[in-house]
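Colleague: Below are the chains, spelled out letter by letter.
There are 2 protein chains.
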Amino acid sequence: MRLSKLFSNTSKGVPSDEAALNARLLIQAGYVHKEMAGVYSYLPLGKLVLDKISNIIKEEMNKIDALEVQMSILQPKDIWEITDRWDDRKVDNWFKTTLKSGQELGIGLTHEEPIVDSLRSFVDSYKDLPIYVYQVQTKFRNELRAKSGLLRGREFLMKDMYSFSLNEVEHKIYYEKVVNAYFKIYKKLGIRDKTYRVYADGGIFNKGFSDEFQTVIDIGEDYIYLDQDLKLGINKEIYSDQNIKKLGLNKDKLVVKKGVEVGNIFSLGSKYTDALGLKYTDKTGQENSIFMGCYGIGVSRLMGLIAELFADDKGLVWPDSISPALVYLITVNTDDSSLKKAEKLYQVLTQNKIEVIYDDRDKRVGEKFVDADLLGIPFRVVISSKIDQDKFEIKDRTTQKIEIADLDGLLKKLLKK
Amino acid sequence: MRLSKLFSNTSKGVPSDEAALNARLLIQAGYVHKEMAGVYSYLPLGKLVLDKISNIIKEEMNKIDALEVQMSILQPKDIWEITDRWDDRKVDNWFKTTLKSGQELGIGLTHEEPIVDSLRSFVDSYKDLPIYVYQVQTKFRNELRAKSGLLRGREFLMKDMYSFSLNEVEHKIYYEKVVNAYFKIYKKLGIRDKTYRVYADGGIFNKGFSDEFQTVIDIGEDYIYLDQDLKLGINKEIYSDQNIKKLGLNKDKLVVKKGVEVGNIFSLGSKYTDALGLKYTDKTGQENSIFMGCYGIGVSRLMGLIAELFADDKGLVWPDSISPALVYLITVNTDDSSLKKAEKLYQVLTQNKIEVIYDDRDKRVGEKFVDADLLGIPFRVVISSKIDQDKFEIKDRTTQKIEIADLDGLLKKLLKK
Numbered sequence: 208m209r210l211s212k213l214f215s216n217t218s219k220g221v222p223s224d225e226a227a228l229n230a231r232l233l234i235q236a237g238y239v240h241k242e243m244a245g246v247y248s249y250l251p252l253g254k255l256v257l258d259k260i261s262n263i264i265k266e267e268m269n270k271i272d273a274l275e276v277q278m279s280i281l282q283p284k285d286i287w288e289i290t291d292r293w294d295d296r297k298v299d300n301w302f303k304t305t306l307k308s309g310q311e312l313g314i315g316l317t318h319e320e321p322i323v324d325s326l327r328s329f330v331d332s333y334k335d336l337p338i339y340v341y342q343v344q345t346k347f348r349n350e351l352r353a354k355s356g357l358l359r360g361r362e363f364l365m366k367d368m369y370s371f372s373l374n375e376v377e378h379k380i381y382y383e384k385v386v387n388a389y390f391k392i393y394k395k396l397g398i399r400d401k402t403y404r405v406y407a408d409g410g411i412f413n414k415g416f417s418d419e420f421q422t423v424i425d426i427g428e429d430y431i432y433l434d435q436d437l438k439l440g441i442n443k444e445i446y447s448d449q450n451i452k453k454l455g456l457n458k459d460k461l462v463v464k465k466g467v468e469v470g471n472i473f474s475l476g477s478k479y480t481d482a483l484g485l486k487y488t489d490k491t492g493q494e495n496s497i498f499m500g501c502y503g504i505g506v507s508r509l510m511g512l513i514a515e516l517f518a519d520d521k522g523l524v525w526p527d528s529i530s531p532a533l534v535y536l537i538t539v540n541t542d543d544s545s546l547k548k549a550e551k552l553y554q555v556l557t558q559n560k561i562e563v564i565y566d567d568r569d570k571r572v573g574e575k576f577v578d579a580d581l582l583g584i585p586f587r588v589v590i591s592s593k594i595d596q597d598k599f600e601i602k603d604r605t606t607q608k609i610e611i612a613d614l615d616g617l618l619k620k621l622l623k624k
Numbered sequence: 208m209r210l211s212k213l214f215s216n217t218s219k220g221v222p223s224d225e226a227a228l229n230a231r232l233l234i235q236a237g238y239v240h241k242e243m244a245g246v247y248s249y250l251p252l253g254k255l256v257l258d259k260i261s262n263i264i265k266e267e268m269n270k271i272d273a274l275e276v277q278m279s280i281l282q283p284k285d286i287w288e289i290t291d292r293w294d295d296r297k298v299d300n301w302f303k304t305t306l307k308s309g310q311e312l313g314i315g316l317t318h319e320e321p322i323v324d325s326l327r328s329f330v331d332s333y334k335d336l337p338i339y340v341y342q343v344q345t346k347f348r349n350e351l352r353a354k355s356g357l358l359r360g361r362e363f364l365m366k367d368m369y370s371f372s373l374n375e376v377e378h379k380i381y382y383e384k385v386v387n388a389y390f391k392i393y394k395k396l397g398i399r400d401k402t403y404r405v406y407a408d409g410g411i412f413n414k415g416f417s418d419e420f421q422t423v424i425d426i427g428e429d430y431i432y433l434d435q436d437l438k439l440g441i442n443k444e445i446y447s448d449q450n451i452k453k454l455g456l457n458k459d460k461l462v463v464k465k466g467v468e469v470g471n472i473f474s475l476g477s478k479y480t481d482a483l484g485l486k487y488t489d490k491t492g493q494e495n496s497i498f499m500g501c502y503g504i505g506v507s508r509l510m511g512l513i514a515e516l517f518a519d520d521k522g523l524v525w526p527d528s529i530s531p532a533l534v535y536l537i538t539v540n541t542d543d544s545s546l547k548k549a550e551k552l553y554q555v556l557t558q559n560k561i562e563v564i565y566d567d568r569d570k571r572v573g574e575k576f577v578d579a580d581l582l583g584i585p586f587r588v589v590i591s592s593k594i595d596q597d598k599f600e601i602k603d604r605t606t607q608k609i610e611i612a613d614l615d616g617l618l619k620k621l622l623k624k
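Just so you know, the sequences run in chain order B and L. Residue 222 in the working numbering sits at position 15 of the first sequence, and the numbers go up by one each step. Residue 452 in the working numbering sits at position 245 of the second sequence, and the numbers go up by one each step.
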């Protein structure tokens, strides 16, 4: 990508009402645009990051046999009344709207009811199970306050998955497969070592415990008690001697930290499937309940969290896996020979499927250095008359280390990524 | 894909209130689920078709230097009031909702205002132009009636693109590039020969003419007068001797047909950019207006149109380019040798990146034949003991022609696609 063609190369200003560091940086670097509190649009670089996070998640979901769907955002009232989740006094963060006929509609905040409802057209027998479906979809929650940038959106992108199993035993086997897939996702996103499986309250979903995945960060809204050796924890909401014992944790080893929830999974039992009449007939002809689970990951929240977690005083620092490009290319001099060298390197890297942002803007080189840091691209490659003609200067955005290498060395370094 | 793993392999029934053929077929074949009139969810096969259409469109948009973004669905009232498009008496198909604070929000039906607004953070000078941005996004229109299945949704997937040029001359050059890109898209989708460029009313966008792309089909809601040699037409809305003359058409050659609008493009001038204060400074330091265009294609509408256009009495007939798979594989016999042969073919095709739906369900072979037709997969490949051990029966879904070929012949046929 040539930066001269990218309109959104660093913003003229950040809204004065934007308090969250993640959003301030993402706005300043031209990744997102703030529409209102808790609502952001994704500009070209932001869309690339969002797609890369989505694709990492989709890949792991596909590996555990989940099928991708796309449910509607508009929700008919009737199926939510059956499960008693329509009334604002029961679920207090619905956005609602109205058809011309006066009929009320919901604007999707989660999708248990419509998924179960749609499966009624397909499920009869034990042969039709298990079913695993997921979607990556824009969701809406009418939050009273939304001051955490991309971490708590009124509109946000989410992966939600739903499993339907013959019984609790089969459900639990799949549930643990999902836990495993989630950790693979966090590893690819570079946050595995800061992310813990944390027991939490079932929330509106069930009365037992649920599993959260919490990434430790100072700005977190949740308090979590962690066993750092076991990589396990317990949310403050359910922190009690009784629960610690029940979960087999050692109270003396637990340290309290702040965390941001980057995933959650719930065993729903047959609450929704029974309510909406989704059942199966077993081999003996008897009707049985279907055991359901649901599994969420906030895609735009992850983007905000990763932005905030790795940022330094110079700007964003993306992990290679989700950076809009691996290389930020700058020429210090603008003589023909330098430009030719840059052009050639741009072609070679592109041919090697290495993504490059080439800063070919008509700007002072100092500004380009500042923007290279602000945008958070993993490697800054500089072409300068002060370096040997066949060499390049490579700076690692994370470690700030600078080295000089020839084309072979550069390619070797980048292709390892 | 093994059909035994796909929960949505043909539905138990079609809702009695579904009048549109495209939706009836797509529901019956398990591609979509109806949530309410004009609102559909996309099941795994439907999601695949939708993604393939989107990707064809994205590819052509990227080729003409448009950058992908994702604007928010929730819309703040203020920017729409500036252009006088907030009031329901001015734009009569908004869905609206309310924040807890009582503040009214819109639910995105188009994105001129927010795009222009977001560009204010980036545009100053003539050097910042041109800008071309697009998104593929779920949009919402509060239609009074929605009886045409996927052809007129209350919730639908749309590609919307916006161009920002220095002046009208540069705008027109890009405008014709988009016309060209649109025809490439329709060609890839298999509907080029039935699709016409049709002059139409500017609608809510401008007072001059706009360009529509209309696909001729009996169920179309628009009447269009076509010159079939020129591949040009004029919408009934603006059909008059004066306009026919103005557009250089020959009245005697025009024949009236029904069409479905599969794309539209508008010159917006500086209506929105001026209103929202998006201007640029030219080389002499003078402030100038920015010339804007907008370019839409309905993605889910195209899916409905193509479903309806090519369907026959046996079911759907997908063009190769957007079919969820190229091959539907059936074994007539279930002896070990047949199953082994099928398994091997499934592997070979998959290795050759040919997408296969393998009907490995525990069903009668007659039912599988019926479903192969209903699902509309381009080639049905049958393994049967009545055919030579090293041969396969191939049936073309469109022409219904059957031929026998060995593996080499089969691969040659499929890899040409």
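The set of hints was computed from the structure by calculation and includes no laboratory data. What you are looking at is a predicted structure, and each value in this text was computed from that prediction instead of being measured. Some hints could be false.
Heads up, the list lumps identical chains together, so a pair's fine if it works in one copy or across two of them.
Stated by the list, open to error - With a straight-line cut-off of 27 Å between C-alpha atoms, the simulated DSS-like cross-links for lysine-lysine are: (1) Lys478 x Lys219; (2) Lys593 x Lys547; (3) Lys259 x Lys560; (4) Lys270 x Lys560; (5) Lys212 x Lys490; (6) Lys602 x Lys334; (7) Lys307 x Lys624.
Colleague: Now tell me, hint by hint, if it's right for this structure.
Modeller: Status of the hints after comparison with the structure:
Taking the shortest alpha-carbon separations for Lys478 and Lys219, only the inter-copy value of 24 Å comes in at or below 27 Å, while the best intra-copy value is 51 Å. Taking identical chains as interchangeable, the C-alpha atoms of Lys593 and Lys547 lie at most 27 Å apart only when both belong to the same chain, with a minimum of 16 Å there against 66 Å between chains. In this assembly of identical chains, the alpha carbons of Lys259 and Lys560 lie at most 27 Å apart whether taken from the same copy (15 Å) or from different copies (23 Å). Both within a single protomer and between protomers do Lys270 and Lys560 lie at most 27 Å apart by alpha-carbon distance, with minima of 24 Å and 18 Å respectively.
In this assembly of identical chains, Lys212 and Lys490 lie within 27 Å of each other by CA distance solely across copies; the values are 19 Å between and 63 Å within a copy. For the identical chains of this complex, Lys602 and Lys334 are neighbours neither inside a copy (57 Å) nor across copies (29 Å), given an alpha-carbon limit of 27 Å. Taking CA atoms no more than 27 Å apart as the test, Lys307 paired with Lys624 passes in neither setting, with 54 Å inside one copy and 46 Å between copies.
Hints 6, 7 from the list above are not met by this structure, while the remaining hints are.
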